[in-house]
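Visitor: Same order as they appear, the protein sequences are chains P and G.
Mapping the first sequence onto the working numbering, position 344 (from 1) lands on 344, and the numbers just tick up by one.
Mapping the second sequence onto the working numbering, position 19 (from 1) lands on 19, and the numbers just tick up by one.
If you are wondering where the hints come from, they were derived from the structure by calculation, not from laboratory data.
Among these hints, one or two may not hold up.
Facing chain P, from chain G, some residues (calculated, C-beta under 8 Å) [claimed, not checked]: (1) 3; (2) 6; (3) 11; (4) 19; (5) 21; (6) 37; (7) 40; (8) 45; (9) 71; (10) 76.
Remember, predicted model here, so these are calculated numbers, not experimental data.
Beta carbons are placed, not taken as given, at the ideal position from N, Cα and C, and that holds for glycine.
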Amino acid sequence: MTTTTFASKRHVVADFAQAMDLCYERGWTDGLPVVPPTEPAVGRMLDAVGLQPDAQLAFITNRQVAVTAEKVAINAVMAGCLPEYMPVVVAAVEAIADPLWAYHGPATSTAGAGPLLIVNGPIARRLEINCEDNLFGPGWRSNATIGRAIRLIMRNVIGTLPGLLDRGTLGHPGKYSYVIAENEAESPWIPLHVQRGCAPGESAVTVLAAEAPRQWYNQLSSTPDGVLRTVCDDMRHHNSTNGQPQYVLVLAGEHMRTIANGGWSKADIQKFVFENTQNSIAHIKRMERLAGAVTPQDETAMRPLLAQPDDVLVVAAGGRAGAFSAYIPGWAGGRRSSQAVTKVIQDRRA
Amino acid sequence: MAPIEILDPTVEPRHQPLTYVPRPDSLKGKRVGLVENTKFNSDRLLHRVGEILINEYGAAECKMWRKHNASVPAHAEIIEEAKRSVDVIVAGIGD
Numbered sequence: 001m002t003t004t005t006f007a008s009k010r011h012v013v014a015d016f017a018q019a020m021d022l023c024y025e026r027g028w029t030d031g032l033p034v035v036p037p038t039e040p041a042v043g044r045m046l047d048a049v050g051l052q053p054d055a056q057l058a059f060i061t062n063r064q065v066a067v068t069a070e071k072v073a074i075n076a077v078m079a080g081c082l083p084e085y086m087p088v089v090v091a092a093v094e095a096i097a098d099p100l101w102a103y104h105g106p107a108t109s110t111a112g113a114g115p116l117l118i119v120n121g122p123i124a125r126r127l128e129i130n131c132e133d134n135l136f137g138p139g140w141r142s143n144a145t146i147g148r149a150i151r152l153i154m155r156n157v158i159g160t161l162p163g164l165l166d167r168g169t170l171g172h173p174g175k176y177s178y179v180i181a182e183n184e185a186e187s188p189w190i191p192l193h194v195q196r197g198c199a200p201g202e203s204a205v206t207v208l209a210a211e212a213p214r215q216w217y218n219q220l221s222s223t224p225d226g227v228l229r230t231v232c233d234d235m236r237h238h239n240s241t242n243g244q245p246q247y248v249l250v251l252a253g254e255h256m257r258t259i260a261n262g263g264w265s266k267a268d269i270q271k272f273v274f275e276n277t278q279n280s281i282a283h284i285k286r287m288e289r290l291a292g293a294v295t296p297q298d299e300t301a302m303r304p305l306l307a308q309p310d311d312v313l314v315v316a317a318g319g320r321a322g323a324f325s326a327y328i329p330g331w332a333g334g335r336r337s338s339q340a341v342t343k344v345i346q347d348r349r350a
Numbered sequence: 001m002a003p004i005e006i007l008d009p010t011v012e013p014r015h016q017p018l019t020y021v022p023r024p025d026s027l028k029g030k031r032v033g034l035v036e037n038t039k040f041n042s043d044r045l046l047h048r049v050g051e052i053l054i055n056e057y058g059a060a061e062c063k064m065w066r067k068h069n070a071s072v073p074a075h076a077e078i079i080e081e082a083k084r085s086v087d088v089i090v091a092g093i094g095d
């Protein structure tokens, strides 16, 4: 074990059941029962990642809170993580504390985003992070608990409490846990983390402050542009029409094969989505998403949904069967206020 | 069964002492800075506030700065320029 010196206050209870009740009473859970964070369990978490308890992983300026490895480990135990998940949790904490992610906005905003984690590289397969059937659904410990650990850290360490500093008007179910992996084994494309600058052998997590997934359907087309026209039509008119956030486009098995068989790369997909999701300023004004009277020039002046083509993060994931895929809008504050951050998942053990 | 001990998952935020400059007794002749947070209509709202401060409270002038985005504090250039060129600041959220 790394050390037995923990700075956290201790609470003594009669048994595990009472410990779980205490966590409810103190307001330390997301509504589901948590695993009591005993010292040996917390120690195993730190050993797995090779960090001392007092190592500072992040500093949240607006809250003046230092996030230490000890507090991350405690909350990871409570979330139900296995110790080997810790490197992913640590990298995701670093991501949400990155100035580009800009914690304060997406974590507190009425727009109700949650941190979506996309895991790439060998660690995704080793930890069995689901990238196939029922992608956003229940059933995988790593998907369910890694994201839950991040949410508990936001709540317990950073103080992002629903109704107080988390003022999401609606929120969404991904705020319990929102973790997927890319299906690199079956993907015909460059993995997301490599597209974003990591080496192919590295593992990485990409974190986007994100709304809920929107599923779309196209069983008719057998061409890349035919399939993508459907999702572009959906995206063009969704809620953040004017805010230019980043997006994730999750392409599941059937759509992935159709698009790849047409010879399209991820860059081709990004270019097509950029070009085919633009709205006229007149339309945005008529839909009451931009103030002001419609002018004649507004009819032909186009507003791109994306600030640039690579603001749509293309991910190959989801079941092999079914003509369904999903797009996920980033936080409505837009890329000006928060951007996806990719962090390499490090093995710090000597 | 032996009692068990659990570790507290929470953190007390660090306290940061803040000192405010004394408020002026009057705005008469004062130069007013307006810090706009980029949200829809926040500039219009602050322009209106500025007009009221000039017309009804005798402020000498108003100038406006725009933050990088609504989620971050005013950046260093704003702070430095404000120190040099205005006497009071109005910062507000438009949404």
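Visitor: Report the numbers of all earlier hints that the structure fails to satisfy, in ascending order.
Guide: Result: hints 4, 5, 6, 8 and 10 break, sorted rising.
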